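A.B. asks: First residue of the sequence shown? That's 1 in the UniProt record's numbering, and the numbers climb one at a time after it.
Derived from the structure by calculation, the hints contain no laboratory data.
These numbers were taken from a predicted model, which means no experiment stands behind them.
Glycine included, every Cβ here is placed at the ideal spot set by N, Cα and C.
Take these hints with a grain of salt, some might be off.
Here are the in silico distance ranges between beta carbons for each label pair [to be verified]:
#  : residue 1 : residue 2 : range
1  : A253      : R359      : 51 to 59 Å
2  : M400      : D436      : 47 to 55 Å
3  : D436      : P185      : 49 to 57 Å
4  : S271      : Q226      : 49 to 57 Å
5  : P404      : K161      : 28 to 36 Å
6  : A253      : E356      : 16 to 24 Å
7  : D36       : S152      : 40 to 48 Å
8  : E356      : S460      : 40 to 48 Å
9  : S271      : M400      : 24 to 32 Å
10 : S135      : D36       : 36 to 44 Å
11 : D36       : R335      : 29 to 37 Å
12 : R359      : S76       : 20 to 28 Å
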Amino acid sequence: MEFRSRASHVKLNGAVKAYGVGGGGSRVSMYLVAPDVDVSLEDFEQYALDRLRVLIAIEENRSRGKRAEEVDSAVSDLWKKHMRTVHSDAQQQKDVISHFVLRLVHCRTEELRRWFMEMETALFRFRFKAESPESQKAFIEDHKLPYKSISSGEFEAMKEKLAQVMRSSNQSASLIGETNFYKVPFEEVLDLVATRRVYVHQGHAFVPRDQLVTIVSNHFRSMLSQSLILTNRNWTAMFAAQEEDRLSPILEALSKRYLAPDYSKSVSGSSVALQDLDGLAMRSFPLCMRHLYLKLQEDHHLRHGGRQQLGLFLKGIGLKLEDALAFWRGAFAPRMPAEKFDKEYAYNVRHNYGKEGKRTDYTPYSCMYIIMSNPGVGDHHGCPFRHFSAENLHAALSGMRLEPKTIDEVMEKTRGRHYQLACAATFEGSHNCQCDGINHPNQYFSQSQNYLKEQAENASQMETDS
């Protein structure tokens, strides 16, 4: 990437150049080469935020277990809302620029790269699937992909074989037609070959057009994976140092951005009493906060990362500043006199509430921020589903008295690195109800409290009716 000398603009070219080259001619892109354009820092960040809203929505809808058509409908609405522009040329430019900015944001760690690949591939899949057969064919030709629509002669020669494969794999017979099959190198569709869903002849698999989206999406994912590694290498080697004070803070902030309710104060506006915290911790705290709360009770101390993660969470559920000071002073008391606490730790508590320093009203950490943190030896913050060993996580889940079946489900999702899905499954197992997906610890608490309140009201109503 080149950078203009003007502090207010960025020239996109070079560091975010992707792996390979390719053409255009379709509304969907492989994002093979970064656009050679100047972008204001304002647009640089705004375009990224708009696209990030779409990607986060994809994650949220998938985490809620919605059907594919429901996810597609939500993505379509959000794409129109956040990515559409008046002119088609400007829309295409925004699409490409926003992708490459977020590629810079997410290239720096394996966890970020994995998340970005998952969400961008899902977005690509949706957009490619929405294209007409003619546009899909044009896309394949523009990008010189090794997938060819079969000729009428090829179709006639193997028509019976194709029909036989379609029938044996319970695929729609209506797909039988020369325009509905593509010839693909068989090694690119080994999963379809293994399940006998395609006819293989002379090193090629003859794939129904409705399977084409999976093949092209896999190719997109592979190219993006290589591009992210190349982007990270170029950024680290050539630009990270010179952009330390300008672009790096923007990229860092975008990597931890949570575009959802502001939990700097209790969303409901209600407050929690200091004496109720023990009960709330056992009933409504997510595992990350429950663990910190219990370790604080056990050790009478938490390092800075743990104090920040738990302290901002408590602020977000409605613990007032005076009670927060009393809480931390009391928790530290067995190991620390009140005078020492007031001298060395009270400032930080007041600072988080916007009463010291720059008077910033700090927001509780989101799941993404917590997952991306890197706790060291002796630290207890971070995401248990990512940072705990399998043995420690199993023990923590058992301590919540979850059913063995639920624990197995949570452990399986954790092994697949679906940490927020694991947290949602924990919520459902501990509350015996469906969950709307978890993207923030304070969201977990809010959903729990709403559910428990509803249960109490229903029980009260039943007593009244009886």
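A.B. asks: Hints first: check each against the structure and report whether it holds.
C.D. replies: Results for each hint:
1. A hinted range of 51 to 59 Å is violated for the C-beta pair A253 and R359, which are about 20 Å apart.
2. At about 20 Å, the beta-carbon gap between M400 and D436 misses the expected band of 47 to 55 Å.
3. A C-beta distance of roughly 42 Å is found between D436 and P185, which places it outside the suggested range of 49 to 57 Å.
4. Checked against the given bound of 49 to 57 Å, the beta carbons of S271 and Q226, roughly 51 Å apart, stay inside it.
5. For P404 and K161, the hinted distance range of 28 to 36 Å is not satisfied, since their beta carbons lie about 48 Å from each other.
6. The hinted range of 16 to 24 Å is satisfied by A253 and E356, whose Cβ atoms lie roughly 22 Å apart.
7. For the pair D36 and S152, the supplied restraint of 40 to 48 Å holds, since their beta-carbon distance comes to about 42 Å.
8. E356 and S460 have their C-beta atoms about 44 Å apart, which keeps the hinted 40 to 48 Å range intact.
9. Roughly 26 Å separates the CB atoms of S271 and M400, a value that falls within the hinted 24 to 32 Å.
10. Roughly 25 Å separates the CB atoms of S135 and D36, a value that falls outside the hinted 36 to 44 Å.
11. At about 60 Å, the beta-carbon gap between D36 and R335 misses the expected band of 29 to 37 Å.
12. Distance hint for R359 and S76: a CB-CB separation of about 42 Å, inconsistent with the stated range 20 to 28 Å.
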